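Asks: Here is what each chain is made of, one letter per residue.
Protein chains: 2
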Amino acid sequence: MAPMLSSTLAMNPAVSTLRAIFSPRSVAVYGASADPAKFGGRVMQFLLKHGYAGRIVPVHPTAAEVLGIPALPRLNGSGIVVDACLLALPSAHLTTALEDAGRAGVRGAVVITADFAETGAEGAARQNELVTIARRHGLRLIGPNCLGYINPPLNLALTSSVALAAGPMPRGTIGLACQSGSLMASLISHAQDCGAGFSVAATVGNQADIELCDLIEYFIDDETTRAICLYVEGLKDGRRFLELARRAHAAGKPILAVKAGRSEAGQQLTQSHTASLAGSHAVWEAACRDHAVILLDDPEALIYCADFLIRSGVPQSSTIAVISPSGGTVAVTGDRVAAAGLALASPGAATEAVLRPLLPPGRMINPLDVGGLPRASGLDSALAAYRAFAADPAIGAILIAVATTPQLEDKVRQWGQAALEAGKPTAILLTPGTLVDGARQALRDIGSPFTNRLDDALRVLRAAVDYGEALRNPPPSAPASTISEIALKHASTLPAGRLNEPDTKKLLRSCGIATTEDMLAPTVDKALAQARQIGWPVVLKGVSRALVHKSEAGAVQLNLQDEAALRAAWQAIAAGLSTHQAGAVLDGCVVQPMLKGGHELIVGCRWDAQFGPVVIVGSGGVLVEILDDVQMAVAPVSADHAKRLISQLRIAPVLNGARGRKPADIDALADTVARLSTIATALGPRLTELDINPLLVLEAGRGAIALDGRATLTA
Amino acid sequence: MAPMLSSTLAMNPAVSTLRAIFSPRSVAVYGASADPAKFGGRVMQFLLKHGYAGRIVPVHPTAAEVLGIPALPRLNGSGIVVDACLLALPSAHLTTALEDAGRAGVRGAVVITADFAETGAEGAARQNELVTIARRHGLRLIGPNCLGYINPPLNLALTSSVALAAGPMPRGTIGLACQSGSLMASLISHAQDCGAGFSVAATVGNQADIELCDLIEYFIDDETTRAICLYVEGLKDGRRFLELARRAHAAGKPILAVKAGRSEAGQQLTQSHTASLAGSHAVWEAACRDHAVILLDDPEALIYCADFLIRSGVPQSSTIAVISPSGGTVAVTGDRVAAAGLALASPGAATEAVLRPLLPPGRMINPLDVGGLPRASGLDSALAAYRAFAADPAIGAILIAVATTPQLEDKVRQWGQAALEAGKPTAILLTPGTLVDGARQALRDIGSPFTNRLDDALRVLRAAVDYGEALRNPPPSAPASTISEIALKHASTLPAGRLNEPDTKKLLRSCGIATTEDMLAPTVDKALAQARQIGWPVVLKGVSRALVHKSEAGAVQLNLQDEAALRAAWQAIAAGLSTHQAGAVLDGCVVQPMLKGGHELIVGCRWDAQFGPVVIVGSGGVLVEILDDVQMAVAPVSADHAKRLISQLRIAPVLNGARGRKPADIDALADTVARLSTIATALGPRLTELDINPLLVLEAGRGAIALDGRATLTA
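Chains as they are written, first to last, in the working numbering: chain A, 2 to 716; chain B, 2 to 716.
For reference, chain A alone in the conformation it holds in the complex (with noise of 0.2 Å):
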């Protein structure tokens, strides 16, 4: 009962009222009823069935008792401390109901209802409501909109989720916060499947009060969790999400999570379910995997990569070794380990030293068929080998996939022994269906985790190396400004809308970033004069406030030789505009000289809902969209974050200088990111987007240039 006890106070506020919440001395139930078919039955039932140690209050108008329990109507004036309830009532009787919980003194409420803010604007007016209540009374609110949450090791579960009708509840270390009470079920139930457990699993629902990043908190700062779940639909605040991920980093505690949202449909889905908006995913997925966030695309699969991390460690180098005695299994798991994002370790020497007397002539070490070898001095010779493997510092994770054979269950226990003493994170799968049931409960009682499908074997192997390389790669920190205070005050002080060609490339050379120098011309007969100025061959480009695409509106004429190309390329971009885009005007000609060679690329920045803003670089050219070649972080980026940008680009071994090219002048390109991400964080929201499309990347020494910008500005 320590866990209950507990006095130690949290920095943050919320984080020693949720110790309150999910280690409660007693708990009330609003909506109490002896009926399981009703939400509030079902949480008296799972209450009483579990075992909780505390006192259970079950709250209702007029029963004198629920479930042999003693009933009141209110908890407000019983004299009885309750740290927190839960509310299974119709909208009707909620602010009632909330108003008798505050008065009363309880620390935090769980409130199980649906139809507010996911339904729209009345149900977000009628959720505030319950917020201002909570407030008032210095309640904390989870949900609307959830299932409530179980702590294991108190034996407590407060909620409705049947996944709490059947078997013990899965005590362990693994955090859980969910914003989908049925996915919530599901991932107790593979738990309940795998031996794994958990310290608190709970759901936040619409989050109008306590949200994942409470949660997150919490987990951090809890002694019991280990790794912490999350299964997310929208962040309240990302810059704070990533701050927790940097401390859970130091903290050696594992985030895993999954996001809905990818997708189109996705992204209106979240809405809908939990009023969550989901902001860019491609942000988000750049932002965690800077912040040694692990992103999963499977719920289910939470569990088996956390309890991997729990219970198998975390692998020291980033490549895999496969064994298995089906050399079907084998073969297959060779293909799908690329596939997976994986690499197969070279083993040493030493480990070719003990393998090779085992195995016949000619057979490949990693992935290792193991099937049909002969007993090596009364150890199987499979097991030695798997040992080897693990004495290997060049391999970082072991696969072992079981295959059917007689006397399985008592080999797999060895399997699984073995991987236990080694100290090697190995992951042991299981293909087969029901046939192997003794297997794995021979797992769970020598208590090594296991997975039952190659895909999850595979995400397991996969968080695992990504975490270890996590590990190894802290989180960046925020880079000093290499633009002048000045230069960013001025730029904070310009107007509202779009940003022309002219005065985007103006803003950009005011904070160091090279641009061609390109006066507008107004007149046909002013561009010929500068053209003669720069030299033939030029660029001419059209201006006007109204483009967006100028090479789509025929806005961008290249290569002009001379005069009569120059005057035909005026009257195309004019005639060009007007077909394009009615009504827009022509503010004039920009000309430029025209540069030859050198990489075209895109840099940019963005304003995300979720964190803020976003610094983008990538492929330009004509193949833009079909190279789709873009990486982005979180603003601000110093260079040496930028170059590990430009590193993931596919165009990466190009600009490197692959077939004999020149390479191209990447410390220019990386310095042009991280002004951008200056300028960026400087504006903040007024900033909405600013493209440099093309920079024009130089030979290494020569710079890069920017070609052509525009930028967009709110008030």
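Hints are computed from structural coordinates only; laboratory data are not their basis.
Keep in mind that a hint or two might mislead.
Identical chains share a label here; the pair holds if one copy fits it or two copies do between them.
[What the hints assert, rightly or not] The list that follows gives simulated cross-link-like pairs (lysine to any residue, SDA-like), each with its CA atoms no further than 20 Å apart:
(1) Lys50 to Pro71
(2) Lys597 to Pro538
(3) Lys597 to Leu559
(4) Lys412 to Ala385
(5) Lys663 to Leu559
(6) Lys50 to Val655
(7) Lys39 to Pro407
(8) Lys597 to Glu518
(9) Lys237 to Ala125
(10) Lys527 to Asp641
(11) Lys254 to Thr225
(12) Lys39 to Asp381
(13) Lys490 to Gly685
(14) Lys644 to Pro477
(15) Lys39 to Leu374
(16) Lys254 to Ala419
(17) Lys527 to Pro476
(18) Lys507 to Gln531
(19) Lys254 to Arg290
Keep in mind that this is a model prediction, so the values were computed, not measured.
Given the structure of chain A, go ahead and fit chain B onto it with the hints provided.
Replies: Same frame as chain A, but now just chain B:
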């Protein structure tokens, strides 16, 4: 017992022999034993346990009986007619036993013993010895290095796989041919779990005699079999496989396949596992796509996908709908659908009319969250929504993701019944673990397929949609040649070795493919004369038999404006060649006009170990490796087929004139692909490879022209 007595004769003698083997009136077991730790012990045990009704003859040198069945020391001379025998013997006794079986007139022998071709040349020789004995007696072999087969409708398990130790054999209509014994065991287990079953499931091991294609032909011919599942490590005859795929397509029997050897590791493993040559995986994928063979990445998923196609039918359109009472699952599934290569359907107006009154305002229709909907006129709203989806012709297939709720079994039974009644392919997904095993049993009871992981549900839907599309798009037939017989005859007389650029182009021109007309200039002065004739600027290219990648060696010099530039370029080519490749001799240079505009593509052909001649078309130019944009097909292809390949290139939108550009001459490109495929077919294995790189594809109507080319021929 009808299959046993069937006397229909198939066209292929292997098929009628396989009938005798798979539906034998009697079986003999060489190496029969009472000890289940031995192969021959398990075979006997499973034969008895599953109640095979035919005669069982244990063959044992000394024992009078095995497990109560009278045993013989040999078959020959016993007067007993045996259709099939299984040999579970040490290598040393195999040939004697096989001679005995042959003399006794046994029609087929299953050889479980391993250590043959899969271990190298010596084992291959011993394997050939077995085949020689078998051929001498007209006996067909399955294996060696296999695990036998099961015929559940006959209660016949002629296998040592421990999968047969549990439960009844799963009877059904899936035909499985498997090159891995332990994968067969896993698949039998999954079939048992999901309520699916087999007509016959057989392993083929090293395919020394009977091979996968024989089994495919058997299954096409077999009335019980409705879908064919394959685990393939290597095909003996790729063209026969494609011919059978055409027959299976015509018979409406889907072929689903997992093939090992996608990766280099996988290829090496198939060699040491079953002595299989994997061939190019890209060619395999292309051949399967064109011949309605559904490729999967996961062996267990074969069962789920085949069972779904058999029991749920084929989608009539390619878009899907998702429905679930779990908002979280709906959001996650919405995201995963696109990642699985599936498209969400846009439900029609009639569906909208049914659903809108049931849903809160603004809720998305597909994917559809039916959580917490009110009951509508006595009928559950969720079921009403499902039925509306099922009736909508715009929806090809439906995914129902079940969530944990009270009365789950009853609800799931209702979902399953509705799906069976609706007649629309519907995948039911139960993501929780054993918590919902009751619901699984309910679905088994009513005969409804289901899956347990979102990965598999999406695989099932993707396979069904792909098969539906394949049924609507029959495999291509062999096109008529558009190249003169004389040209092809001449081509086939070319000498062995590398063809340089001028000779390759000569070959291309003779077959009606346009090329730049360039002669080899042996000296710089000759090159200068040619340049003056062609007109500046020109391209100068080094020609050397030793040179493979001209660009890397600096042997392609573009845009030469005058004599000085040409002389400098010649020097650079000579210098580059000697540093790039010691001992390489410069045969001279070719001079070409500097063509601008158009799109650079690669068109080529290769000889593949499994399928023979194949043709490829892909993006060329400097970004070619980054784009990784290649399509291929088994040659020959028609121009229409070539256009389908071109339309699947990532560069296709650019070729079609995206962003206001002029469309490219796709007719000319397709014609070039078709002609090259005809050349490859005519030259057969003599043409190792031929590449046009680049082929310059000009604006529509202006043609395509080979700027460079090379070829390699064997003797």
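Asks: Which holds for Lys597 with Leu559 at a C-alpha limit of 20 Å: within a copy, between copies, both or neither?
Replies: Close inside one copy (11 Å) and across copies (14 Å); limit 20 Å.
Asks: Under a CA distance limit of 20 Å, which applies to Lys597 and Pro538: within one copy, between copies, both, or neither?
Replies: Classified as both; 11 Å inside a copy, 17 Å across copies.
Asks: Is the C-alpha distance from Lys663 to Leu559 at most 20 Å within one copy, between copies, in both cases, or in neither?
Replies: between (25 Å within a copy, 16 Å between copies)
Asks: Tell me, please, which holds for Lys527 and Asp641 at an alpha-carbon limit of 20 Å: within, between, both or neither?
Replies: neither (43 Å within a copy, 53 Å between copies)
Asks: When no copy is named, should Lys490 and Gly685 be tagged within, between, both, or neither for a Cα gap of at most 20 Å?
Replies: Result: close within a single copy only, 12 Å intra versus 72 Å inter.
Asks: Please sort Lys39 with Leu374 into within, between, both or neither, judging by C-alpha distance up to 20 Å.
Replies: Classified as between; 16 Å across copies, 59 Å inside a copy.
Asks: Is it within a copy, between copies, both, or neither that the alpha carbon of Lys507 lies no farther than 20 Å from that of Gln531?
Replies: within (18 Å within a copy, 51 Å between copies)
Asks: From the Cα coordinates, with 20 Å as the cut-off, is the pair Lys39 and Pro407 best called within, between, both, or neither?
Replies: between (49 Å within a copy, 9 Å between copies)
Asks: Evaluate Lys597 and Glu518 at a C-alpha cut-off of 20 Å and name the case that applies: within, between, both or neither.
Replies: Only inside one copy: Lys597 and Glu518 sit 16 Å apart there, 29 Å across copies, limit 20 Å.
Asks: Tell me, please, which holds for Lys237 and Ala125 at an alpha-carbon limit of 20 Å: within, between, both or neither?
Replies: Answer is within: at 15 Å inside a copy they meet the 20 Å cutoff, but 66 Å across does not.
Asks: Please sort Lys644 with Pro477 into within, between, both or neither, judging by C-alpha distance up to 20 Å.
Replies: For Lys644 and Pro477, only the intra-copy Cα distance (12 Å) is at most 20 Å; the inter-copy one is 48 Å.
Asks: At most 20 Å between C-alpha atoms: does Lys254 with Thr225 qualify within a copy, between copies, both, or neither?
Replies: within (11 Å within a copy, 55 Å between copies)
Against the hints set out earlier in the document, violations occur for numbers 6, 10, 16 and 17.
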